[in-house]
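Peer 1: Each chain, written out:
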Amino acid sequence: MVHWSAEEKQLIASIWSKVNVEECGAEALARLLIVYPWTQRFFASFGNLSSPTAILGNPKVRAHGRKVLTSFGEAVKNLDNIKATYSKLSELHCEKLHVDPENFRLLGDILIIVLASHFARDFTPACQFAWQKLVNVVAHALARKYH
Amino acid sequence: MTLTQAEKAAVIAIWAKVATQADAIGAESLERLFCSYPQTKTYFPHFDLSQGSAQLRGHGSKVMNAIGEAVKHIDDIRGALAKLSELHAYILRVDPVNFKVSEHRNFQG
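Read top to bottom, the protein sequences are chains E and B. The first sequence maps to residues 1 to 147 in this note's numbering. The second sequence maps to residues 1001 to 1109 in this note's numbering.
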């Protein structure tokens, strides 16, 4: 089980309370598709992904980004039980979606960048540490049920 | 990062022996890959991955042939594998983490 200090929990909650899930989610997913273009392989049905501008403005990307970050919120709400929280989602990503778990790490790192760019100085090194730990735990939980 | 002359000679000598059992080795390598690193199976949802399957054997041969090409052009491996690199990057879109020999993150509970 992951141990969170009181300070880490507070830093995570404090940043999360100020996150616009729709905007951050959309941006994180768009950046993933732009910066690591092979990740577009999962989104053939999303329409125009032909340029960064197209990706950033794509409504399906935005909607899906929001969905993903909303789900991320479950981890924030259940810091002491992230493994169980993502058990079913892990199975889904393996058995139905066939997503390489490396993508969870990539998206986690992208989220850190999005948070840093939104919160600037407020995203202190201590904040970054706590959030890096969180995205790593989430990625691990999502990969856990792969078989 | 390049191979020394001695290293190239060693590779070529070993490969000569490997090549005689290329198909079997190729199939077994893939089996072991999927067993030890199940996340690599996500790139083959369309394959029958059971032991001895025709697809596994066929794909194993393909991979071994490609390695053989690299060995044949051991002085310019980058050039020899350029087309395959493009294929994996732009068409197959395999995450490059899967090409690393070491540093594989093992997720088993």
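Hint data in this document are derived by calculation from the structure and do not stem from the laboratory. Even glycine gets a Cβ: it sits at the ideal position worked out from N, Cα and C. A few of these clues could be false.
List of simulated lysine to any residue pairs, SDA-like, C-alpha gap at most 20 Å [claimed, not checked]: (1) Lys-96(E) / Ala-1013(B); (2) Lys-96(E) / Lys-1062(B); (3) Lys-1041(B) / Leu-97(E); (4) Lys-1100(B) / Leu-106(E); (5) Lys-1072(B) / Ile-1012(B); (6) Lys-1041(B) / His-1059(B); (7) Lys-60(E) / Lys-77(E); (8) Lys-145(E) / Phe-1044(B); (9) Lys-145(E) / Arg-1032(B); (10) Lys-145(E) / Tyr-1043(B); (11) Lys-1041(B) / His-140(E); (12) Lys-96(E) / Phe-1034(B); (13) Lys-9(E) / Lys-88(E); (14) Lys-9(E) / Lys-96(E); (15) Lys-1062(B) / Ile-1014(B); (16) Lys-145(E) / Phe-1034(B); (17) Lys-1062(B) / Asn-1098(B); (18) Lys-1072(B) / Arg-1032(B); (19) Lys-145(E) / Ala-1006(B); (20) Lys-67(E) / Ser-45(E); (21) Lys-96(E) / Thr-1040(B); (22) Lys-77(E) / Asn-136(E); (23) Lys-1072(B) / Ala-1006(B); (24) Lys-1083(B) / Leu-1049(B); (25) Lys-1100(B) / Leu-1081(B); (26) Lys-83(E) / Ala-13(E); (27) Lys-88(E) / Leu-1092(B); (28) Lys-96(E) / Phe-1047(B); (29) Lys-60(E) / Ala-75(E); (30) Lys-96(E) / Phe-1044(B); (31) Lys-96(E) / Lys-77(E); (32) Lys-96(E) / Ala-1009(B); (33) Lys-145(E) / Lys-1041(B); (34) Lys-1041(B) / Ala-1082(B); (35) Lys-145(E) / Pro-1045(B).
Just a few of them, taken from the derived set where beta-carbon distance is under 7 Å, the chain B residues facing chain E [said to hold, decoys possible]: (36) Thr-1004; (37) Glu-1007; (38) Gly-1052; (39) Arg-1093; (40) Val-1097.
Peer 1: Given the hint that Lys-96(E) pairs with Ala-1009(B), does the C-alpha gap stay at or below 20 Å?
Peer 2: Distance ~46 Å between Lys-96(E) and Ala-1009(B) Cα, so the pair is violated.
Peer 1: Hint check: Lys-1041(B) vs His-140(E), CA-CA at most 20 Å. Holds or violated?
Peer 2: holds (17 Å)
Peer 1: Take the C-alpha atoms of Lys-145(E) and Arg-1032(B), compute the straight-line distance between them, and say whether it is at most 20 Å.
Peer 2: Holds - the C-alpha atoms of Arg-1032(B) and Lys-145(E) are around 19 Å apart, at most 20 Å.
Peer 1: Next pair to validate is Lys-96(E) with Phe-1034(B); report whether the Cα-Cα distance is within 20 Å.
Peer 2: The given pair, whose Cα atoms are some 17 Å apart, holds under the 20 Å limit.
Peer 1: Run the distance test for Lys-77(E) versus Asn-136(E): straight-line Cα separation, threshold 20 Å.
Peer 2: With Cα atoms ~16 Å apart, Lys-77(E) and Asn-136(E) stay inside 20 Å; holds.
Peer 1: Decide if the proposed pair is consistent with the structure: Lys-145(E) and Pro-1045(B), CA atoms, cutoff 20 Å inclusive.
Peer 2: Roughly 17 Å separates the two Cα atoms, so the pair holds.
Peer 1: Straight-line Cα separation of Lys-96(E) and Phe-1044(B) no greater than 20 Å?
Peer 2: Holds - the C-alpha atoms of Phe-1044(B) and Lys-96(E) are around 12 Å apart, at most 20 Å.
Peer 1: Holds or violated: Lys-1083(B) and Leu-1049(B), Cα atoms, limit 20 Å.
Peer 2: Violated. Lys-1083(B) to Leu-1049(B) sits at ~26 Å, over the 20 Å cutoff.
Peer 1: Per the CB criterion, is Thr-1004(B) less than 7 Å away from chain E?
Peer 2: Since chain E brings no Cβ nearer than about 32 Å to Thr-1004(B), farther than 7 Å, the hint is violated.
Peer 1: Taking only the CA atoms, is the gap from Lys-1041(B) to Ala-1082(B) under or equal to 20 Å?
Peer 2: violated (24 Å)
Peer 1: Taking only the CA atoms, is the gap from Lys-96(E) to Thr-1040(B) under or equal to 20 Å?
Peer 2: holds (14 Å)
Peer 1: With the threshold set at 20 Å, check whether the alpha-carbon distance from Lys-1041(B) to Leu-97(E) stays at or below it.
Peer 2: Measuring from Cα to Cα gives roughly 12 Å; hence the hint holds.
This entry does not satisfy hints 1, 2, 7, 13, 14, 18, 19, 24, 27, 29, 31, 32, 34, 36, 37 and 38, going by the numbered hints stated previously.
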